[in-house]
Amino acid sequence: MSGHSEPFITKYLFSHDHKMISRQFLITGTIMAFIGMIMSLLFRLQLAWPGESFSILNVFLGDKWAPGGVLDPNMYLALVTIHGTIMVFFLLTAGLSGTFANLLIPLQIGARDMASGFLNMLSYWFFFGSSVVMIASLFVESGPAAGGWTVYPPLSAVPEAMPGSGAGMTLWLVSMSLFIISSLLGGLNYIVTIINLRTKGMNMTRLPLTVWALFVTAIIGVLSFPVLFAAALLLIFDRSFGTSFYLSDIYIAGEALDRTGGSPLLYHHLFWFLGHPEVYIIILPAFGIASEVISCNARKPIFGYRAMIGSILAIGFLSFIVWGHHMYVSGMNPFIGSVFVFTTLLIAIPSAVKAFNYLTTLWKGSIRFTPAMMFAIAMVSTFITGGVTGIILADAALDINLHDTYFVVAHFHIVMGLSAVMAMFAGVYHWFPKMWGRMLNKKLGYLHFWITFICAYGVFFPQHFQGLAGVPRRYYTYSEFPLFDGLQDISILVTLFAIVGGLAQFIFAFNFVYSMFRGPRAPQNPWGANSLEWTTPVEHIHGNWVGDLPVVHRWAYDYSKPGKEHDFVPQTVPLEEGEVDGEGH
Amino acid sequence: MASFLIFLVIVLGIAAIVQVIRVFEISNFLQGEDGISVSPRETNSLRISLVLFVAGFFAFFIYLWVAYKQYFLPESASEHGAAIDTLLNFNFLIITIVFVITHILLAYFSYRYANTVSPKATFVTHNNKLELIWTSAPAVVLAIIIIYGLTTWNSAMLDTPDDSINIELYARQFDWTARYAGEDNVLGKSNYLMISATNPLGIINETKLKERLSEMDAEAAELEASRAEVYPGGKTDMEILDKIALKKKQKGRLEQMYAQGENEDYSVADDDILTKVEFHIPVGKPVNFQIRSQDVIHSAFMPHFRAQMNAVPGMITNFYFTPIITTDEMRKKVGDPNFNYLLLCNKICGTAHYNMQMNIIVESEADYQKWLSEQKKFFVAGTN
Ligand code: HEM
Ligand SMILES: [Cu+2]
Ligand SMILES: [Cu+2]
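Line by line, the protein sequences are chains V and Z. By the numbering used here, the letter at position 316 of the first sequence is numbered 316, and the numbering carries on one by one without gaps. By the numbering used here, the letter at position 114 of the second sequence is numbered 114, and the numbering carries on one by one without gaps.
Here chain V stands alone, though its shape is the one from the complex:
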């Protein structure tokens, strides 16, 4: 199969090969991320210097949305909305899971490919279609969806409520529907593959934590995305077929609508039933990547492998019963709020266990600071910094005053956005040689790392302080409130960090593209890692292994095991007489 050359179309476009699909996800996700990032820079300009004219705004948005270079308030909301949607779904869900689940699941479990290459291909193309529709929605006459990434009805349901709730919102829903299909096709495939296609000897308790994390992620996705689909469907009905699932007693644009009996709270529940698991869909793969990269580069087994699996499972389960913490002041019964306080704070326990285990993996290690390792360490830092503020928000009494302020923006960007982005970078730096057969440039990697890490905190950390001053999020300008004048400096600081951090991503883009073609050729196992992906040929072949599939004899974390010749023992090396595998007991 490997020898003869394949036509371009089946090799690069409609490929069934998981390695190619992984690269497709990575590149599409990255392009979307750049679009999302540029959007954020555009609205940050307005936030730092409200009402100021910037010709760059006019260049990007034209006379309609930035007349005279001043951002239009509706466009501000649209940018915030599409930025959020792109980053949460297109980059950190599809881009992250799509890339690493596709690359790593078959390679790390010892399978020739995904269970269904065809569905896998469909999953990518639905994602691609969904991206195209989302981008197309930017060019709609009345503007793209602008009701926030959560698109709460009635704002999103009634076209009269804002310009973005017209055709732009319709396209948003179409795009998200395609997206959900993509993610279901992908997720089912990942689950089936992990359950059925593990090679001989690869028991569940020998799986690398990346695979465990991607496995639980896929399960969460398959259970929660259908609920978002239902929510979107009902919203489509309300918008287009006159139903009243979410609408009741609305008087807008001089008319009393013919809608009664629905409830906007129904949408809240349905949305966050996905929405909260969604944040774990984003963070679990990041955990998986961090575990792998940290253990390999500390040259030491991941600390508490079983505890890590336990906490992944616990987080996966608990993530389904905490959604109400987004609804403390939504009008939901305060007693139900109490229940969600309890469940939400419970989830902090497995999260804390994970953080401690990362720290102890470093302890007594022999750390090699590759760029991937730097990003993984950064991920541990951001997860802690962002996670601890979750404890504050989880307390409903405190959330009363912090809900929808910049404190929340700081919390979720750091815990979810930064952690997942740092882990994604770690993953790309670590597995680039596996993906493209070449090495990324290390010096550019360090440069990229430091600017990104410093600017990331520079952007989001100060936002806590705006939140504590009561500054609401999603405001086009704060100049109507003299109360907040003193905090304008923070907005400017944040925007400056955002610009520098944004520019640094071009270093990464350059390194990526350059190294793809001209980087030094990768050796078989550049990092001295144990897992199976490093036993496949550097040049990709269909079926991954020449000849028989490898047989697994041990867990993936035998680093610096006493009495061994090297500081790593690949999973394919048989156990010696009397040698204990894994954590041993």
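No lab work stands behind these hints, which were simulated from the structure alone. Virtual Cβ for every residue (Gly too), placed ideally from N, Cα, C.
Restricting the straight-line Cα-Cα distance to at most 25 Å, the calculated cross-link-like pairs of lysine-lysine (DSS-like) are:
| no. | chain 1 | residue 1 | chain 2 | residue 2 |
| --- | --- | --- | --- | --- |
| 1 | Z | Lys-129 | V | Lys-561 |
| 2 | Z | Lys-189 | Z | Lys-249 |
| 3 | V | Lys-561 | V | Lys-364 |
| 4 | V | Lys-364 | Z | Lys-120 |
| 5 | V | Lys-561 | Z | Lys-120 |
| 6 | V | Lys-364 | Z | Lys-129 |
| 7 | Z | Lys-120 | V | Lys-564 |
| 8 | Z | Lys-370 | Z | Lys-285 |
Beyond 12 Å from chain Z on every Cβ pair, some chain V residues (computed):
| no. | residue |
| --- | --- |
| 9 | Pro-7 |
| 10 | Ile-31 |
| 11 | Phe-118 |
| 12 | Phe-128 |
| 13 | Leu-184 |
| 14 | Ile-191 |
| 15 | Met-204 |
| 16 | Ala-230 |
| 17 | Val-279 |
| 18 | Phe-317 |
| 19 | Ile-321 |
| 20 | Thr-536 |
| 21 | Glu-576 |
Model the placement of chain Z with the ligands on the given structure of chain V, informed by the hints.
Chain Z with the ligands only, in chain V's frame:
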């Protein structure tokens, strides 16, 4: 011309990048290494940089705290808010400790166990005792946080006192209206079908209801008349017909409501008072805010009182609190004679979401009564 310039800039940009790459390649910056091995020099500078980073991060934290503490919300102007602030401080203390300790460990381990100073790793897979400790320690701390937090939450949210003053906060794109219940302390009923230019909150009393019913007839007749100007049976005509049908249906619903509400005392609405721009509340008395929305979700956010509740179309939500510091006292405390308590909208609601505000004046009971007596009753104001 402009697009030509942009094109030129792009071309020049690409040319510049290609040149830079060449320079890099010649200087071996891009090619002189294998991309794998990390030299001891690099390792040492990285482990030191990580320590400096964490130190810098702490400094940044302290700087922000010191520089911006003055802008944090002043002490709570409501009774329940004081408990919330204590809870916040307690939680902050705990998470700051966790944040600082874990970051010190992160920096220290990175520094101490870099492969230049720790050439060999120790093979440790797990430690049940340690793991038990760091599972149960957070569990205990969290149990305290949960219990403490829930007590505060319940006391803030449950059991609105019977003697509260009832005030409605009514949101629409893009302003707020406050409605006082008048002497009887009962807010009159309302219905969105009652909303008209002269009755923006859709409040019901007997006269207003009848007025609205005939108004609806007039509106239907007006629509009927407008059909003369459009092509009969065409698209616009059909739309108008739909609107007429809806008008009739909605009128039927109002009539039905009227019929069913025979025993309803609509006169409780007669003494209701509406205010815009600002509203007053007396210090030391519980105020029960009943929150409604005309169109989309808004949120009544009164940060100085540690109060927030969404305004949701189709339902009435509520939040009560007891103000304990008057506006005058707070002005002295914050040292700003122009300070005002604010009501803001804190749920994205459309174009002008960023500017939906009302001032809240907290004053003595006597001043409050005086102010209230100067306000016109809505139906008196509205009907003349
Ligand atoms: C340590 C455990 C965590 C707790 C207790 C927690 C708690 C909370 C709470 C209560 C809110 C709602 C705040 C509000 O809207 O007023 C919130 C918002 C959010 N959290 Fe967390 N969180 C935790 C970890 C995470 C993680 C791990 C992620 C992502 C990976 C995450 C992502 C988010 C997001 C995206 C939002 C905001 C959504 C929005 O309103 O737009 N959180 N968190
Ligand atoms: Cu959540
Ligand atoms: Cu509003």
